[in-house]
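Engineer: Each chain, letter by letter, is given below.
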Amino acid sequence: MTHINLASLEVGQEIGSIEFLLTRDSLVRYAGASGDFNPIHYREDIAKAVGLDGVLAHGMLTMGAAVQIAVDWIGDPGRVIDYGVRFTKPVFVDARDGAVLTVSGKIGEIDSENSIVRIDITAVAADLAVLGKAQARVRV
Amino acid sequence: MVNASIEGKTYPETDPYLVGREKIREFAHAVKASSALHFDVLSAQAAGYYDVIAPPTFAVVIQERSLVSVLSDREADIDFSRVVHGDQRFVHVRPIVAGDELTSTLKVASVKSIGGHSMVTFETQVHDSSRQLVCTAISTLVVRGAE
Numbered sequence: 001m002t003h004i005n006l007a008s009l010e011v012g013q014e015i016g017s018i019e020f021l022l023t024r025d026s027l028v029r030y031a032g033a034s035g036d037f038n039p040i041h042y043r044e045d046i047a048k049a050v051g052l053d054g055v056l057a058h059g060m061l062t063m064g065a066a067v068q069i070a071v072d073w074i075g076d077p078g079r080v081i082d083y084g085v086r087f088t089k090p091v092f093v094d095a096r097d098g099a100v101l102t103v104s105g106k107i108g109e110i111d112s113e114n115s116i117v118r119i120d121i122t123a124v125a126a127d128l129a130v131l132g133k134a135q136a137r138v139r140v
Numbered sequence: 001m002v003n004a005s006i007e008g009k010t011y012p013e014t015d016p017y018l019v020g021r022e023k024i025r026e027f028a029h030a031v032k033a034s035s036a037l038h039f040d041v042l043s044a045q046a047a048g049y050y051d052v053i054a055p056p057t058f059a060v061v062i063q064e065r066s067l068v069s070v071l072s073d074r075e076a077d078i079d080f081s082r083v084v085h086g087d088q089r090f091v092h093v094r095p096i097v098a099g100d101e102l103t104s105t106l107k108v109a110s111v112k113s114i115g116g117h118s119m120v121t122f123e124t125q126v127h128d129s130s131r132q133l134v135c136t137a138i139s140t141l142v143v144r145g146a147e
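Chains as they are written, first to last, in my numbering: chain D, 1 to 140; chain L, 1 to 147.
Don't read these hints as lab results, they were simulated from the structure. Incorrect hints may appear among the rest.
Claimed, not checked - Among chain L residues calculated to face chain D with C-beta under 7 Å, some are:
| no. | residue |
| --- | --- |
| 1 | 26 |
| 2 | 27 |
| 3 | 31 |
| 4 | 35 |
| 5 | 36 |
| 6 | 55 |
| 7 | 60 |
| 8 | 85 |
| 9 | 87 |
| 10 | 89 |
Built from N, CA and C at the ideal position, the CB exists for glycine as well.
All chains should be modelled from the sequences, with the hints used to inform the complete structure.
Structural biologist: Put into C-alpha cells, the structure is as follows:
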C-alpha cells in the first residue's frame, strides 16, 4: 500500500512538474554510468559531421530523468512496473548553458481493480516536446 | 537495409551481470533520480527490498550487452552509425535489486521497412540467477537508409 488513495484520483489530474538542468557534465556522467559512449553526446565536431546541430543528450538520459515525476508521486521507484517512451526530438545541450528539461505529469488512466495508475508524462526542451507517448504504469 | 530474415532470431544468453550497490547509486545519480531507495540500504529495506533498488530504466545497461551481439552479427547487417533510438519500454515483474545476478536473451521481434528506413524491434528478457523473469526491455532502433 502507498499513501495514495485511488478513489480520490481523477483522470486528467496534474501531479506536478520538475525542471532538470542537463549540462555537458550530465552527459559525460550518464555516458560513464550507462556505458553509452557514442561521441555525438560529447563531441561537437562529430555531432556536426553526422548532420546534427550539435551535441545532444542521450535519449535514455531524458527518459531516465523524466520518470522521476512518477517516482516522486508514488514514492517508490520499484512501483513503476511499465514505462515506455518514443524519442521524438533531440535535446541539444549547449556547451556553456546546457539545456533545461521540463517534465510534467498527469493521471492518464485509473485501473482500480488492479490498483494500477497510468501517469502520462510530458517532457519539453527549448519549447519542443522531446518524448512522445511517455507513459508510466505504477502500482498503487 | 537491415536483413528482414533476422525477424524471430534469438541471440545467445549473455554472461551474468552482477548488479553492484555503487553501480545503482552511480546510475541513479546520472539520471538525476533522488529517491532514497536508490541510495540508502535501510530506506530500501524499510520499503520491503533486500537492498537498494535500481531506477526504472537501469535495465538498459543489460539490454546494451545483448545488443552488442546483434550489432556485430553480419547476418543482421545493421550499420550502427545510421542507428537512431526510436522508442524504448521496460516492463518489470520486480525492480532490479543490488546483488542480483542477471542474464539476458534478446529476440528480434520485428523488422519493418518504412520509406527507405528499417525499424527493428528487439525484446530483451532479463532473468535472475533463479531463472525468474525480472524485466522485459523492448527497444526499437531506426536504421536510416543510405541517402
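Engineer: Identify whether the interface hint at residue 60(L) stands, where standing means a beta carbon of chain D within less than 7 Å of its own.
Structural biologist: Result: holds, 5 Å to nearest chain D Cβ.
Engineer: Minimum Cβ distance from residue 26(L) to chain D below 7 Å?
Structural biologist: OK, holds: residue 26(L) within 7 Å of chain D, min 5 Å.
Engineer: Under 7 Å is the threshold here; is the Cβ of residue 55(L) close enough to any Cβ of chain D for the hint to stand?
Structural biologist: For residue 55(L), the interface hint holds, since the closest Cβ of chain D sits about 6 Å away, which is under 7 Å.
Engineer: Quick check on residue 27(L) please, does its C-beta sit within 7 Å of some C-beta on chain D?
Structural biologist: Constraint on residue 27(L) satisfied, holds at 5 Å.
Engineer: Given residue 87(L) was flagged as interface, is its beta-carbon under 7 Å from a beta-carbon of chain D?
Structural biologist: Result: holds, 4 Å to nearest chain D Cβ.
Engineer: For the restraint on residue 89(L), tell me whether the closest CB of chain D is nearer than 7 Å.
Structural biologist: With a closest approach of 3 Å, the residue 89(L) hint holds.
Engineer: Taking 7 Å as the limit, does the beta-carbon of residue 31(L) come near enough to a beta-carbon in chain D?
Structural biologist: Since the shortest Cβ distance to chain D is 3 Å, the answer is holds.
Engineer: So, as I understand it, the hint says residue 85(L) touches chain D; can you test that by seeing if any CB pair is closer than 7 Å?
Structural biologist: holds (5 Å)
Engineer: Less than 7 Å between beta-carbons is the criterion; does residue 36(L) satisfy it with respect to chain D?
Structural biologist: violated (10 Å)
Engineer: Can we keep the residue 35(L) interface hint, with Cβ of chain D closer than 7 Å?
Structural biologist: holds (5 Å)
In the structure shown, a violation is registered for the earlier hint numbered 5 alone.
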